[in-house]
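**Q** Given next are the chains, with one letter for each unit.
There are 4 protein chains.
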Amino acid sequence: MLAMKRKQYEKLLEPIEHELVAMARWAKTTGERICVLFEGRDTAGKGGTIKAISARINPRQCRVVALPKPSDVEQTQWYFQRYVPHLPAAGEIVLFDRSWYNRAGVEKVMGFASQDQVDKFLREVPTFEKLLVNDGIRLFKYWLSASQEAQEERFAERLEDPLKRWKLSPIDIKARTLYEEYSKARETMFAATHTDHAPWIVVDYNDQKHGRLTLMRDLLDRLPNFDVPHEDLDWPELGHAPLEEDFGKLRPIAPFPLED
Amino acid sequence: MLAMKRKQYEKLLEPIEHELVAMARWAKTTGERICVLFEGRDTAGKGGTIKAISARINPRQCRVVALPKPSDVEQTQWYFQRYVPHLPAAGEIVLFDRSWYNRAGVEKVMGFASQDQVDKFLREVPTFEKLLVNDGIRLFKYWLSASQEAQEERFAERLEDPLKRWKLSPIDIKARTLYEEYSKARETMFAATHTDHAPWIVVDYNDQKHGRLTLMRDLLDRLPNFDVPHEDLDWPELGHAPLEEDFGKLRPIAPFPLED
Amino acid sequence: MLAMKRKQYEKLLEPIEHELVAMARWAKTTGERICVLFEGRDTAGKGGTIKAISARINPRQCRVVALPKPSDVEQTQWYFQRYVPHLPAAGEIVLFDRSWYNRAGVEKVMGFASQDQVDKFLREVPTFEKLLVNDGIRLFKYWLSASQEAQEERFAERLEDPLKRWKLSPIDIKARTLYEEYSKARETMFAATHTDHAPWIVVDYNDQKHGRLTLMRDLLDRLPNFDVPHEDLDWPELGHAPLEEDFGKLRPIAPFPLED
Amino acid sequence: MLAMKRKQYEKLLEPIEHELVAMARWAKTTGERICVLFEGRDTAGKGGTIKAISARINPRQCRVVALPKPSDVEQTQWYFQRYVPHLPAAGEIVLFDRSWYNRAGVEKVMGFASQDQVDKFLREVPTFEKLLVNDGIRLFKYWLSASQEAQEERFAERLEDPLKRWKLSPIDIKARTLYEEYSKARETMFAATHTDHAPWIVVDYNDQKHGRLTLMRDLLDRLPNFDVPHEDLDWPELGHAPLEEDFGKLRPIAPFPLED
Chain G
326 MLAMKRKQYE KLLEPIEHEL VAMARWAKTT GERICVLFEG RDTAGKGGTI KAISARINPR
386 QCRVVALPKP SDVEQTQWYF QRYVPHLPAA GEIVLFDRSW YNRAGVEKVM GFASQDQVDK
446 FLREVPTFEK LLVNDGIRLF KYWLSASQEA QEERFAERLE DPLKRWKLSP IDIKARTLYE
506 EYSKARETMF AATHTDHAPW IVVDYNDQKH GRLTLMRDLL DRLPNFDVPH EDLDWPELGH
566 APLEEDFGKL RPIAPFPLED
Chain V
326 MLAMKRKQYE KLLEPIEHEL VAMARWAKTT GERICVLFEG RDTAGKGGTI KAISARINPR
386 QCRVVALPKP SDVEQTQWYF QRYVPHLPAA GEIVLFDRSW YNRAGVEKVM GFASQDQVDK
446 FLREVPTFEK LLVNDGIRLF KYWLSASQEA QEERFAERLE DPLKRWKLSP IDIKARTLYE
506 EYSKARETMF AATHTDHAPW IVVDYNDQKH GRLTLMRDLL DRLPNFDVPH EDLDWPELGH
566 APLEEDFGKL RPIAPFPLED
Chain F
326 MLAMKRKQYE KLLEPIEHEL VAMARWAKTT GERICVLFEG RDTAGKGGTI KAISARINPR
386 QCRVVALPKP SDVEQTQWYF QRYVPHLPAA GEIVLFDRSW YNRAGVEKVM GFASQDQVDK
446 FLREVPTFEK LLVNDGIRLF KYWLSASQEA QEERFAERLE DPLKRWKLSP IDIKARTLYE
506 EYSKARETMF AATHTDHAPW IVVDYNDQKH GRLTLMRDLL DRLPNFDVPH EDLDWPELGH
566 APLEEDFGKL RPIAPFPLED
Chain D
326 MLAMKRKQYE KLLEPIEHEL VAMARWAKTT GERICVLFEG RDTAGKGGTI KAISARINPR
386 QCRVVALPKP SDVEQTQWYF QRYVPHLPAA GEIVLFDRSW YNRAGVEKVM GFASQDQVDK
446 FLREVPTFEK LLVNDGIRLF KYWLSASQEA QEERFAERLE DPLKRWKLSP IDIKARTLYE
506 EYSKARETMF AATHTDHAPW IVVDYNDQKH GRLTLMRDLL DRLPNFDVPH EDLDWPELGH
566 APLEEDFGKL RPIAPFPLED
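Residue numbers (this note's numbering), protein chains in the order written: chain G, 326 to 585; chain V, 326 to 585; chain F, 326 to 585; chain D, 326 to 585.
In short, the hints are calculated from the structure, not lab data.
Since the structure is predicted, the reported quantities are computational estimates derived from the model, not experimental observations.
A portion of the hints provided could be inaccurate.
Because identical chains cannot be distinguished in the list, a pair is counted as satisfied if it fits within a single copy or across any two copies.
BS3-like, lysine-lysine: derived pairs with alpha carbons at most 27 Å apart [what the hints assert, rightly or not]: (1) K330 - K489; (2) K330 - K492; (3) K394 - K574; (4) K336 - K499; (5) K574 - K509; (6) K455 - K336; (7) K445 - K499; (8) K574 - K445; (9) K332 - K489; (10) K492 - K445; (11) K394 - K492; (12) K353 - K376; (13) K394 - K353; (14) K445 - K330; (15) K353 - K332.
Chain G extracted, bound-state conformation (with noise of 0.2 Å):
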């Protein structure tokens, strides 16, 4: 398997970047609202295309919600209870590093969640998104594909780097002599939850690279015509040379040293 190199990854890269760009001028114009769930295998890459997407939008406009553990006392609300309150209101984009698909996914293959919960997930997710479509809300559900090889060749890579070593968990363990229970789980849930308002998309990671290409383009595709012109503005001149920082109390540190 050759990885797409950088060059030809930026290259292609930035023509995309600046429709992110006008989708999100779009958003804040119109008061759009656009939910983006990323699921998939482990190491797929679901956090490196969230940071790809949201690397060019304001982070007013753009949140990643990543939520912990649920709380003892969230374990027993309503099982959408903890996710609703993250929702994107007028213009907002929000990008959700695993959502409620949890139950469906890890909390199936691991046990920890009983398969009665998981059923009733099932049942009711399709009407769950069906209210948040109808509502306006554009909804995307992408799944992240790798195969057992990428997957183990990224996993020895996290156990040898130490810059990626914190993605590995004892979970990771376990989870990775799973993946066909994985498979079964992700098939599971693509019969009960692939709907017409809300349906999977699913996007081959085993280039990661190519894979977010593959999976911004398919985005901003989903969406109807997003060119809204900028908003004018009338920039003067400066009328001035320009002023040079007048420190008073406090100077800046010494800079960081640079190699000669």
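Based on these hints, arrange chains V, F and D on the given structure of chain G.
**A** Using the frame of chain G, we list chains V, F and D on its own:
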């Protein structure tokens, strides 16, 4: 002003990223709470720095707080009330993209707060921060500096580059004519709020990449020894040939076409 | 119309209070979640009924939800979003003093919501409530009825009695001329939202005390057997003469002077 | 000890209720924020007093805050963090049924907090309260006192009266043997936190009705002149015979049967 080249930046950044990751591991293991405020000139580089710090840390551990303007009800509450819910719990690293210091900066200079409100804020904020610090929260306050020349260059770039255009708002037109007023507001703020328990740290961001390295280096140096070993993981062989995705209901969408 | 006398009311209320307390014990022991919506005519008696129900229950278990009008941001969110965080967790009894049905009642009649918004709400609400009921939340919807004669009497009382004057607002002046419009809105609402899983229960509140007894009796009758014994408490003798307060720094303030 | 008779209590209460209502109108008109903490002996009468104060005030204006025990995450946050979101906005009256002082009372005496945590709390709380008071919040702290004889009587009543049995928990068995330890903890708390800006007010609750009158009278006397006229309402004649309910789909349920 010669901007640092990307290659050089990435080379210098790498060891710092290793330390950021180690710092995050330390915070998680020990339950330390880290809270960093980013203030400074418009265009100085707050957003880019926050992205550079958070890039390598688990988004479930590192939260970016970029609050919208207060609601009508919030405006009548205790001034700090809307910030408090975002303070870090055990193990969390919270990065504030602007903060409660809005009142002494943009609100003061643009006239959104009365002089009384500003004075009151400046009197109270050291006490508020003392409470946090006494509680054990590690609080860091960075002020990012840039000359008006650098600022004008970046404004011009934002005006021309569609990827950056969203960063400009009508308020910036007015703000850029108030460079000196911002300087004065800053000095007043430093005089009132540069304390032993929560000192300001000024960083020169005339070169943004250099500024980032300086700030990250400084932040890491202010923390105690954060050398915490990785959790041991017993990582067995997979024990069988790696599996392929076995799609049933849905298959991956067509990949992004690569030019050849 | 002869109003029930307080003595008679209290005599009839007492056994009901015992049942309410037993019901709360049952909810706490079993983790049941109870959610009661109070809607109806202005002046019908929602507030008094809520006070009568909550009077005997632990305030840590029984929450009253009386939301203010939505903020600008909330107005752009999913319609149910601001209500969801208040839904009951295990063991909780939540009493909604007005609810999401505002949209079909006051907002419709007073023109605060467009006909489109009202229609959409009426289409969606049975689905929303079905999700809650399927999740196991026990949901009850009461509509408190009063003739215009009773309403006018109570408005007059509010106008004259300084203890009740705060209950009147300029909006009431308009609302009382719209008695029939409220009737029509109610019928439309019943037609769309009186479902098997979440039926409406209408209670005659022309006599408020009688109405309260009727509603509480009905609520209790709709619950399954809630006879859960008290937790056993082994309550030993104190074993010494009871102690007096031994004040040091501060002493009680002078008691309220009793006329003699 | 002769308890005040209900008739006498109600007679004395009535003028106080008029003042409470006037006070609420004043807060609403002027945007004043009122925050009252209720602490004191178990069984002293916190809950009943809170109910008596809130009974006559708009529940949209007067909030009762009775927090459950902190979650695991909350326990690692800044100690005051979970209380801050409940502080009053403009016009609000917030009644805390127990408060941040838990740490110096029950948590200290029952050993739920370490001595270090208690000491730290006692050092910090005057500063925290000063911030609120300086912000303009009107903060009142009441400590309700009762002799052990009164306490034992009320415990016995709770044990026997099924309506009050829920107020007893296993923790009370231990707490009642610690009457003196609570006294000591109270004195330590007063020594550290009875300040000019937020003084403690001790009220004798050996007779609960008398105690309530004393506390309410005191609270009202501590506020400035709150005489704000009613908003003028132009209340026209109805202009037609009052209408009856005209039920279509649903009719009122059978009224509660009155014994005759």
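**Q** Give a verdict on every hint.
**A** Status of each hint after checking the structure:
1. K330 - K489: Both: 20 Å inside a chain and 25 Å across chains, each within 27 Å.
2. K330 - K492: Within one copy only: 23 Å inside, 30 Å across.
3. K394 - K574: neither (45 Å within a copy, 30 Å between copies)
4. K336 - K499: Neither, since 39 Å and 36 Å both go past 27 Å.
5. K574 - K509: between (64 Å within a copy, 11 Å between copies)
6. K455 - K336: neither (38 Å within a copy, 49 Å between copies)
7. K445 - K499: within (25 Å within a copy, 43 Å between copies)
8. K574 - K445: between (63 Å within a copy, 21 Å between copies)
9. K332 - K489: Cα proximity of K332 and K489: in one copy and across copies (22 Å, 21 Å).
10. K492 - K445: Neither: 31 Å inside a chain and 36 Å across chains, both beyond 27 Å.
11. K394 - K492: within (16 Å within a copy, 32 Å between copies)
12. K353 - K376: both (20 Å within a copy, 22 Å between copies)
13. K394 - K353: between (31 Å within a copy, 15 Å between copies)
14. K445 - K330: neither (44 Å within a copy, 50 Å between copies)
15. K353 - K332: neither (32 Å within a copy, 35 Å between copies)
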